[in-house]
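Protein chains in written order, with this note's numbering: chain E, 1 to 133; chain G, 1 to 411.
Quick caveat, the hints were computed from the structure, so don't treat them as lab data.
Be aware that one or more of the hints could be misleading.
Said to hold, decoys possible - Calculated from the model, a selection of chain E residues having no Cβ within reach of chain G, i.e. all distances over 12 Å:
#  : residue
1  : M4
2  : D15
3  : M19
4  : I27
5  : I31
6  : G52
7  : L58
8  : T73
9  : E100
10 : Q118
11 : P119
12 : Q124
Unchecked claim - Which stretches of chain G does chain E cover? Using the computed rule of at least three CB atoms under 8 Å from a CB of chain E, they are:
#  : stretch
13 : 157–171
14 : 386–392
15 : 396–402
Even glycine gets a Cβ: it sits at the ideal position worked out from N, Cα and C.
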Amino acid sequence: MRFMLLQNYGEVESDCPPMAQWTPADIRAHIEFQQMLNRELTGRGELVDAQGLAGPELARFVVWDGIGAPVITDGPFPESKELLAGYRLIDVETAERAIEIAAQASAAPGPGGIPIRQPIEVRQVLSAPDPEV
Amino acid sequence: MTTQVSTEDLLRELAPQVIGAVARRYGDFADAEDAVQEALLAAATMWPADGQPDNPLGWLVRVASRRMTNQYRRDGARRRREELAASWSLAPSGPSSGRDDTLILMFMCCHPALTPASAIPLTLRAVGGLTTREIAAAFLVPEPTMGQRISRAKAKIKASGDPFTLPPASQRAERLRSVLHVLYLLFNEGYTSSSGPDLARTDLSGEAIRLARGIQAAVPDDPEVAGLLALMLLTDARRPARSSAAGELIPLAEQDRTRWDRSLITEGTGLITRALGQGRAGEYQVQAAIAALHDQAGCHADTDWAQILSLYGLLETMTGSPMVRLNRAVAAAMAHGPETGLAMLDGLSERLGDHHRFHSVRAHLLELAGDSASAIAEFRAAAARTTNLREQQYLTTKAARLATEPAPFRP
């Protein structure tokens, strides 16, 4: 079964500052953690895709009524904390395993190596109907 | 040391000639390219098991032709052409060399009707002999998506009605420019891309170099072709020093120059020196000359910035590109101090808008000028706007370092 593990720019549960204010060593440790987690999931045959998204500064919202010109809104967005920052798409045996991976991702290290407790949104990807028997 | 060529290398070497032979015989590049792709896949599985045939080229042409014939047989509307084709000899047609075929194929694949995004994968498959699966993996898209992109590209070429021959002499120079542009973008894709997790990716830069070598062998007297190949070699020479073991970007100024590939630098420098000697300087030659100056400096401080500055001036005259002006500002800062460079940036923001490169160059120059607070803000602005993961990490770390570490002593 496939799950999307989503993380946005929203505030983390710990009261750590945004990454731009961390020390270089803490930033490096955080990046290495993410890469290691991806390698581990690849090694277990569970990772489908993992991507980080470019910053909210480059985000656009597009709405079209099918007639006139599309309405394109760009930032800065007052609700930019709700924007998606990145995701992992995983293919796992059980829902419990998806929760386990989300927990691992949530405890990514922040300043001083303390887990940042990043909220991870766990969403199952709808699958095709089962073949008729 | 063994000189035995692996099946994979041999197939990739032969791919353009097989397509050339089949396309000429059937007069249809698009279908021939599909049939040859299937023949290559068949060879890749059969040869290692059954042994290589005595005449590998003939084997591939025969298998691909059989597939063409079978497909035409299924396609009733094509019966007449099938009969025509079947009446031809099965020997590889004519003494056409691999070089000619490579060149014709490059012109086809980099057809002006195509965008680079579709010309690049088609080139990799038809000229580079890569499989659709390998190309899809290199660009991180599903295999069927890449297959469609290639098919649509071929349909456009077919619609253009161009025959499978070299373009007429009057169009040759312009068509060669599109070929070089596609190879340049392919090289850059391999050199800068690192999206997604660290999955194994086909070496796109190496592939661009291999293809550029093929073009250079076919048109050895074109100085821009030599210039592009030299630019690739001189840039690729720095690759071993360009990222840390953990994959972090290391900027030119901080690279361990002992790790640069000396043989590539020697080859590239020789190429660009001979090309410039022809007295027909072009954009790629100027860029290669700049790359050569960087490669020749024993350390960052020894770089001949004055000459690099004048080369960027020449390049700006040729291109009028604001990106070139940005690089010229860096060279000016290095030659005459950061204030000179910063002053050159002032008029640029309107033309470059909110581009991350504008912010990162400003950040570096502000840092050089000792204005840490403004540099931090610019590094953060650049990090927020880049679309390259490695660059984002580098810029964020740069800002963090300035913000958390004491300012270095400045005499």
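Here is how each hint holds up against the structure:
1. M4: Consistent with the label, E:M4 stays out of reach of chain G, its closest Cβ about 15 Å off (over 12 Å).
2. D15: holds (18 Å)
3. M19: violated (6 Å)
4. I27: Label violated. Min Cβ-Cβ 5 Å, cutoff 12 Å.
5. I31: violated (6 Å)
6. G52: violated (6 Å)
7. L58: Per Cβ check, E:L58 is inside 12 Å of chain G; nearest 6 Å; violated.
8. T73: holds (16 Å)
9. E100: Given that every Cβ of chain G is farther than 12 Å from that of E:E100, nearest at about 19 Å, it holds.
10. Q118: Non-interface label stands for E:Q118: nearest chain G Cβ at 16 Å, farther than 12 Å.
11. P119: holds (21 Å)
12. Q124: Answer for E:Q124: holds, closest chain G Cβ roughly 21 Å.
13. 157–171: violated (count 0)
14. 386–392: With 4 residues in contact (Cβ-Cβ under 8 Å with chain E), the coverage given for the stretch 386–392 of chain G holds.
15. 396–402: holds (count 5)
The structure fails hints 3, 4, 5, 6, 7 and 13 (numbered hints given earlier, in ascending order).
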